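Number of protein chains: 2
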Amino acid sequence: MSEITRVVLDAMGGDHSPGEMVIGAVNAVKEKKDLFVYIVGKSKGIKEVLEKQEYPKEQIEVVEAPDEITCHDAPVTAIRTMKNSSMVVGLKMVKEGKADGFVSPGNSGAILVGGQVLVGRMKGIERAPLAPIVPTMDGVSLLIDCGANVDARPSHLVQFAKMGSIYMEHVVGVKNPRVGIVNIGAEEEKGNALVKETFPLLKECSGINFIGSVEARDFPYGAVDVAVTEAFVGNVMLKTLEGLSSGLVKKIKEGLTATPVSTIGAALVKPQLKKTLKTFDATEYGGAPLLGLNGLVVKIHGNATRKEVKNALFQVETFKKQEINEKIKDYLLHESKEKEEK
Amino acid sequence: MSEITRVVLDAMGGDHSPGEMVIGAVNAVKEKKDLFVYIVGKSKGIKEVLEKQEYPKEQIEVVEAPDEITCHDAPVTAIRTMKNSSMVVGLKMVKEGKADGFVSPGNSGAILVGGQVLVGRMKGIERAPLAPIVPTMDGVSLLIDCGANVDARPSHLVQFAKMGSIYMEHVVGVKNPRVGIVNIGAEEEKGNALVKETFPLLKECSGINFIGSVEARDFPYGAVDVAVTEAFVGNVMLKTLEGLSSGLVKKIKEGLTATPVSTIGAALVKPQLKKTLKTFDATEYGGAPLLGLNGLVVKIHGNATRKEVKNALFQVETFKKQEINEKIKDYLLHESKEKEEK
Chain F
1 MSEITRVVLD
11 AMGGDHSPGE
21 MVIGAVNAVK
31 EKKDLFVYIV
41 GKSKGIKEVL
51 EKQEYPKEQI
61 EVVEAPDEIT
71 CHDAPVTAIR
81 TMKNSSMVVG
91 LKMVKEGKAD
101 GFVSPGNSGA
111 ILVGGQVLVG
121 RMKGIERAPL
131 APIVPTMDGV
141 SLLIDCGANV
151 DARPSHLVQF
161 AKMGSIYMEH
171 VVGVKNPRVG
181 IVNIGAEEEK
191 GNALVKETFP
201 LLKECSGINF
211 IGSVEARDFP
221 YGAVDVAVTE
231 AFVGNVMLKT
241 LEGLSSGLVK
251 KIKEGLTATP
261 VSTIGAALVK
271 PQLKKTLKTF
281 DATEYGGAPL
291 LGLNGLVVKI
301 HGNATRKEVK
311 NALFQVETFK
321 KQEINEKIKD
331 YLLHESKEKE
341 EK
Chain P
1001 MSEITRVVLD
1011 AMGGDHSPGE
1021 MVIGAVNAVK
1031 EKKDLFVYIV
1041 GKSKGIKEVL
1051 EKQEYPKEQI
1061 EVVEAPDEIT
1071 CHDAPVTAIR
1081 TMKNSSMVVG
1091 LKMVKEGKAD
1101 GFVSPGNSGA
1111 ILVGGQVLVG
1121 RMKGIERAPL
1131 APIVPTMDGV
1141 SLLIDCGANV
1151 DARPSHLVQF
1161 AKMGSIYMEH
1171 VVGVKNPRVG
1181 IVNIGAEEEK
1191 GNALVKETFP
1201 LLKECSGINF
1211 IGSVEARDFP
1221 YGAVDVAVTE
1231 AFVGNVMLKT
1241 LEGLSSGLVK
1251 KIKEGLTATP
1261 VSTIGAALVK
1271 PQLKKTLKTF
1281 DATEYGGAPL
1291 LGLNGLVVKI
1301 HGNATRKEVK
1311 NALFQVETFK
1321 KQEINEKIKD
1331 YLLHESKEKE
1341 EK
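Taken in sequence, the protein lines are chains F and P.
The numbering used here puts the first residue of the first sequence at 1, with every later residue one more than the last.
The numbering used here puts the first residue of the second sequence at 1001, with every later residue one more than the last.
If you're looking for bench data, these hints aren't it; they were derived computationally from the structure.
Model, not experiment: these values are computed from the prediction.
You can take every hint at face value.
Okay, the calculated bits of chain F under chain P, using three or more residues with CB under 8 Å as the criterion:
1) 146-160
2) 238-246
3) 258-269
Okay, the calculated bits of chain P under chain F, using three or more residues with CB under 8 Å as the criterion:
4) 1178-1192
5) 1235-1244
The beta carbon of each residue, even a glycine, is placed where N, CA and C say it ideally should be.
My request is simple: use the sequences and hints to build the entire structure.
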């Protein structure tokens, strides 16, 4: 029998909490025998949903946490003071080695802070980047870092490139992923101070497939597999993509049903349109991993439903089976050896 | 008779040069009696197009410039060495006071460098930002700065906010425009070092309608009229918007004609879809102005056609008639007085 992966699922803090969280967990354990899920949160509500489901009881355990960190709570204060919140209780279980990973739809800032403070960074990792999988015209790409650690240094970006490469290759399954640095032009001399300093470091970096600068315009076309950038820029890029695509789709749908004739047409194009828009659905890849920690922390969308929850749980399993943290450690070890030899 | 506005049009460097440039100029002078256009570039080709047009001859003059700066030329070197290029010749005419503004579809970097070096910044202006008008779900917004002046300081961003406000109010016609700073969260304490330093300065800035942070996600919905940001971030935002919208539209069009049934539907929705997508067409606002110079420099798209050219020429006229630079000067004068009084 293969090794069990244990995941803590934060049932609170999402738009569809706890219902969709619980059903996502149920669907996950029904599909995978070697998965064990701790569902953390207000146990009364969780159990009410669970009781209505059929599933292998030995693969799910409910852990009581009476408090809930909401999107209105200030991250640092929340993590420091709300000891009985589902997030703090859950992250501590990863810290203590009771679980391999943590999945939450809750307050992003609190997840980022909690991941770093409670679970802790791996030795040698300077920063833990948030690296969402972003759908493109050509598949998916990893955008690293979109977190809250703004004003990064070149050495941080180099680590992001390495961790992102490993993740993309071994969790998402892209061979020899193309790594690019987000820039405002294709030429090496372009960019701000951070990019100009980082570019040569990435160029001489062994073990990654660095292809140079990537312009934001080409990112949605899948120009790179791993786009490396500082968190402020990454966050702006990600939010721009999310805002525009939801806005455009809304506007197009409105336009399609504006007249009686177009409404008939809309009915005829609907199945194809749905199929097209589905290619931009990243929920099948799970959530955004926070990399470089002593365990995997995954942020899923606030409005995540059962499918994204299930896939995020599987994501932790793949992360563990592929020994991603061991691979990151090996890489860093290799790096420090290289430095010593120089 | 009202005062004449004189504009230099760079006929070279665009995908449709010189044909669409020339026809744009012809259409412009046919509509406005008080507009005079110098068309600069390889005069043989320009005249060949002009000869086939009917227009008031006294409103257009062709200026010979045998060289052309292409998108492959390094901006600084090109501006310094290609004295006979249409861009250098044209920008110098603005510098010498022969024209009020300059419109070009050419090499963006060269326009930015040339504007600053040849036309020159107004006294008191620290940086000249590139401020494109971006279509949103709700109209248009100004995104300032999207240029090449990366790594800005807080005082630069404050000037951008002021100049952007004046432009949006008096050229685009938005009353009391809402100004926001691009940020990764809505709260004042969010952001990188630059944003945190700039936020309080904008808050206490008199004469602008500062409404706080704007998240990139809300920008496409028209959350602000003027979005202030450092050029690297602005450029990434702009390019992300351009890349994703063109990609999405392409993908949707492909999807619509994927099956026989959807193709019939597509024919029925086509007029409405066209109308919807037209709301995202910013060409009617002309090009992206480079603000804070001794004259208006406007960058139009490399693939600009006659309509965008015409509207960019009108844009220079409005800029002059509305005395934008005088308004900017007044503001700065007011600002230095305020500082003295403190």
